[in-house]
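Just so we're on the same page, this note's numbering is the position in the sequence shown counted from 1, plus 143.
These are computed hints drawn from the structure, not numbers from a lab.
From a predicted model like this one, the values you see are computed outputs, not experimental measurements.
Glycine included, every Cβ here is placed at the ideal spot set by N, Cα and C.
Misleading hints may appear alongside valid ones.
Listed next, the in silico EDC-like pairs over lysine to aspartate or glutamate satisfying Cα-Cα at most 20 Å (straight line) [unchecked claim]:
hint : residue 1 : residue 2
1    : K186      : D448
2    : K344      : D286
3    : K186      : D444
Derived Cβ-Cβ restraints for the label pairs, each shown as a range [said to hold, decoys possible]:
hint : residue 1 : residue 2 : range
4    : H234      : L307      : 25 to 31 Å
5    : L235      : W360      : 50 to 56 Å
6    : A342      : F216      : 48 to 54 Å
7    : R361      : Q241      : 28 to 34 Å
8    : L307      : F216      : 51 to 57 Å
9    : P230      : W360      : 32 to 38 Å
10   : W284      : F195      : 44 to 50 Å
11   : Q401      : F220      : 17 to 23 Å
12   : V295      : L201      : 18 to 24 Å
13   : A206      : W284      : 46 to 52 Å
14   : V192      : I311      : 20 to 26 Å
15   : L372      : N225      : 36 to 42 Å
16   : L355      : A298      : 54 to 60 Å
17   : G212      : G315      : 53 to 59 Å
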Amino acid sequence: MSEKTIERPTTDEAALAKEIEAEEKAASRQASLLKDGWADLRKRPMFIVTGFVIVCLLALAIAPSLFTGRSPFSNGFCQLQNSMNGPSSGHLFGYDQQGCDIYTRTVYGTRNSIVVGVVTTVVTTLIGGLLGMLAGLVGGWLDAVVSRITEVFSALPLIVGGLLIMSIWGGGDVWSVSFIMAILGWPQVFRIMRGEVIANKYNDYVMAARALGADSWRIAFRHILPNTLAPVIVITTMNLGVYISAEAALSYLGIGIQYPNISWGVMISDAQSLFLTKPHALLFPAGALSVTVLAFIVLGDVVRDAFDPKMR
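Using the sequences and the accompanying hints, generate a full structural model.
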């Protein structure tokens, strides 16, 4: 009678099975978190309200001509005889000091504000996220060097740093303002990403992947990145409002977006001296700025409450 041979899994096979099992658990946990967060978001009235406001703002930025039949860049748009006339049936926001229709300028100013916020947020997320992942994953001297560089940039507040750099570099358009604010804004995303990577890189599924010889890029993008997205999404959503308000502040101070480009900050700066006598010239662009910034900040709070397990 022959003896049956019992096959035992090799060490590599056991490690592979352990990695697969750990991956499945991590993916299931992450999918459950995202699914639960999205389900929670849809039940929150503030998410519906802010989402609607943001969709309207994006529509204004993408196709302003759909909301006004005039263009602020056309000949004869500004007529001095209309200077500081108040709101009327045909001109809902009235005229500014140069006789330009404030409603049309406010609508077209949405594009620059949204573009600055989106471009700056995307660039800071890419730079801060990539450097944070590399520093957290590699550690050692790379982490020390990048962290010291981050501290240097963090020492410059956004507005003060923007004033300093743009006084030397020069501003004037959307892209230069976005680039300069991105240089100053990436350390915040870096710190969050680095902390999340360090917290996740010693999990069982990451250690199993290392034992099987998986390269660093596969570990970073397949195992670690999906579990670090939630806090990054939250902070980038809130940063959109912060960067829009920072652009308006720099433009108000005369060093951000400048004429002939249209910006809410430029409009507020032009109208500030006439607030007591002709408040409409200031209230409408300031109101548009306030609503936009508030919408993005509230959306960030709602997203944080939905996706952060500690807030449940």
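Here's how the hints hold up against the structure:
no.	hint	result
1	K186 <-> D448	holds, 12 Å
2	K344 <-> D286	holds, 14 Å
3	K186 <-> D444	holds, 15 Å
4	H234 <-> L307: 25 to 31 Å	violated, 40 Å
5	L235 <-> W360: 50 to 56 Å	holds, 54 Å
6	A342 <-> F216: 48 to 54 Å	holds, 50 Å
7	R361 <-> Q241: 28 to 34 Å	violated, 59 Å
8	L307 <-> F216: 51 to 57 Å	violated, 32 Å
9	P230 <-> W360: 32 to 38 Å	violated, 58 Å
10	W284 <-> F195: 44 to 50 Å	holds, 49 Å
11	Q401 <-> F220: 17 to 23 Å	holds, 18 Å
12	V295 <-> L201: 18 to 24 Å	violated, 35 Å
13	A206 <-> W284: 46 to 52 Å	holds, 50 Å
14	V192 <-> I311: 20 to 26 Å	violated, 42 Å
15	L372 <-> N225: 36 to 42 Å	violated, 51 Å
16	L355 <-> A298: 54 to 60 Å	violated, 42 Å
17	G212 <-> G315: 53 to 59 Å	violated, 29 Å
Hint violations for this structure: numbers 4, 7, 8, 9, 12, 14, 15, 16, 17, all remaining hints satisfied.
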